[in-house]
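Sequences are here, hints too, so could you generate the full structure?
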Amino acid sequence: MPEIKLTDVSFSYLNRKEPALAKLNLTIPDGSFTAIVGHTGSGKSTLVSLIDGLIKPAAGTITVGTTSVGTDSKKTELAKLRQHVGFVFQFPEQQLFAETVEKDIAFGPENLGWSEEKVKAAVHNALVQVGLNAELASRSPFMLSGGQMRRVAIAGVLAMQPEVLILDEPTAGLDAQSTAQLMDLVDHLHRDGRTILLITHQMEQVARFADQVVVMNHGRLMVDTTPEKLFSDSRLLAANHLDQPAAVRMSQQLQEKGIDLPLTLTIKQLSEQLAPRLGGKE
Amino acid sequence: MSNAIVFGSYVPGNSPLHRLDPRAKLFLCITYVILVFFANGLATCLWLILALLATIIASQVSFKMYWRGIRPLAWIILLTVAFQVLFSTGGPVYWQWGFISVTRDGLLNSLIIFFRFMVIITASTVLTATTTTLRIADALTWFMQPLKVIKVPVNQITLMISIALRFIPTIMNEAVKIANAQRSRGMNLDEGNIVKRLMRMIPILIPLFVDSFKRAEELATAMEARGYDPEAPRTHYRQLDWHGRDTVSMVALLVVAVVLFGLRIFI
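Those protein sequence lines, which keep their order, are chains A and B.
Using the numbering used here, the first residue of the first sequence is number 4, and each one after it goes up by one.
Using the numbering used here, the first residue of the second sequence is number 3, and each one after it goes up by one.
Any given hint could be a false lead.
What the hints assert, rightly or not - Straight line, CA to CA, 27 Å or less: simulated BS3-like cross-link-like pairs of lysine-lysine: (1) A:K59 - B:K179; (2) A:K106 - B:K153; (3) A:K121 - B:K198.
The set of hints was computed from the structure by calculation and includes no laboratory data.
Listed below in structure tokens is the structure:
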């Protein structure tokens with residue numbers, strides 16, 4: 004299973020003076036759930052595009068498992084990175100193109116050169132994973148609802164069975180129920196041993212799921228830490244325009260009132276702390 | 003993919019040319035292109051190159067940007083020049099093989115065509131490098147006003163042009179994003195023969211079309227929601243103001259034209 008390692012990585016877009024990424028060093032351990040946060044234009048998407056081999060670094064090296072790319076790597080070497088890494092783009096439903104859901108999900112596995120049976124099994128598994136009815140397989144993806152389209156698009160990435168999964172704001176524009184279902188799926192994939200990289204603006208998601216959090220600002224890595232440490236440092240949060248999750252805010256306010264509480268990241272943790280003190284049961 | 007965007011793209015700046023009225027610039031550019039066809043000898047060609055060099059320097063855009071504008075068209079230019087050299091006849095023959103021959107007139111014609119291509123492309127690049135596409139559309143609208151008399155729907159046409167121009171960069175970005183999404187699903191754009199490569203455009207083009215239709219519908223709804231009426235008289239957020247410097251540019255153009263015809267007659 005792969006570990007992701009970036010060493011002194013820089014990247015600039017054409018026609019722009021400020022580099023999109025500058026001298027970035029980061030290690031993402033195998034099997035971790037890493038949240039990448041930062042405001043718009045901070046370099047989050049550039050960072051994950053480099054890990055997926057979609058763009059070539061201007062300096063430095065990127066290693067995923069045993070594959071390594073640098074400034075003079077060829078296109079085929081960059082393509083190798085993509086065999087380990089699955090990338091769910093922002094609004095992934097925009098990339099659907101095939102006549103049927105089945106054909107669209109099979110696109111990735113077919114590109115990997117798998118046998119017909121293997122592709123079929125992968126498509127079926129991916130549909131089950133994202134919780135879509137098997138009957139939908141023969142329907143046109145353009146006839147589905149927005150939420151279903153997004154699940155089909157995510158199934159198209161999962162069908163390739165990537166060891167590393169990148170998700171760029173996967174819950175943007177979804178209703179509360181679909182958001183909860185999708186995050187449960189991501190959590191489940193993580194428990195199965197996959198490395199997850201999640202770009203998000205939802206600090207609640209960071210607090211609840213991540214075990215590593217990377218804060219980006221103006222193309223620089225500001226801090227690489229755990230959610231506990233990040234959310235207890237209010238000055239660091241303010242400097243990077245980040246919010247505290249509700250549970251963190253509430254436990255800090257209670258601490259200020261003189262109540263002895265450990266820092267809690269989620270509402271569930273907070274209620275487990277408070278309920279016994281108020282005389283309640285589980 | 004980034005090279006395709008460079009041709010005809012705006013380079014922000016605050017040079018005298020950037021500040022010129024877009025109507026003046028459009029008129030200058032078109033007139034200059036017409037003048038190019040009147041250049042027939044060494045002196046007239048050099049005179050027009052001199053005038054173009056002056057505007058390039060006044061535009062304060064680096065020569066590298068102009069070179070990038072010409073580069074994508076280099077093959078078309080070379081091909082046309084080669085055809086002229088090999089297939090036109092007249093004057094002393096220098097080399098012959100079957101019906102292919104290199105003659106003096108052929109060489110001269112090819113030189114003139116090369117000159118015209120380079121100068122016209124560079125001149126239009128000066129216009130697009132110093133003027134945003136929306137400003138050019140504004141100027142075009144102004145020039146088309148007289149057509150209203152013969153019932154041409156000028157406002158609708160110019161709105162269509164502005165919308166089309168406005169969405170080119172948006173759709174370009176969209177295309178890059180979708181291509182990246184399909185590449186990350188293992189699609190390899192750089193392998194196989196031309197038929198296979200064309201087939202691979204399908205996963206990019208279909209989402210792009212779907213998205214563009216959706217965008218068009220949303221835009222139409224948004225415009226109607228804000229009370230857009232195609233028949234109503236329009237006011238403009240970007241006003242066109244004619245300044246002294248614009249008149250000066252017209253005088254400069256007149257000087258270029260007079261000297262050109264002078265050189266044609268007397269040399």
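So, against the hints stated earlier in the document, which numbers end up violated here? When the structure is compared with the hints, only number 2 turns out to be violated.
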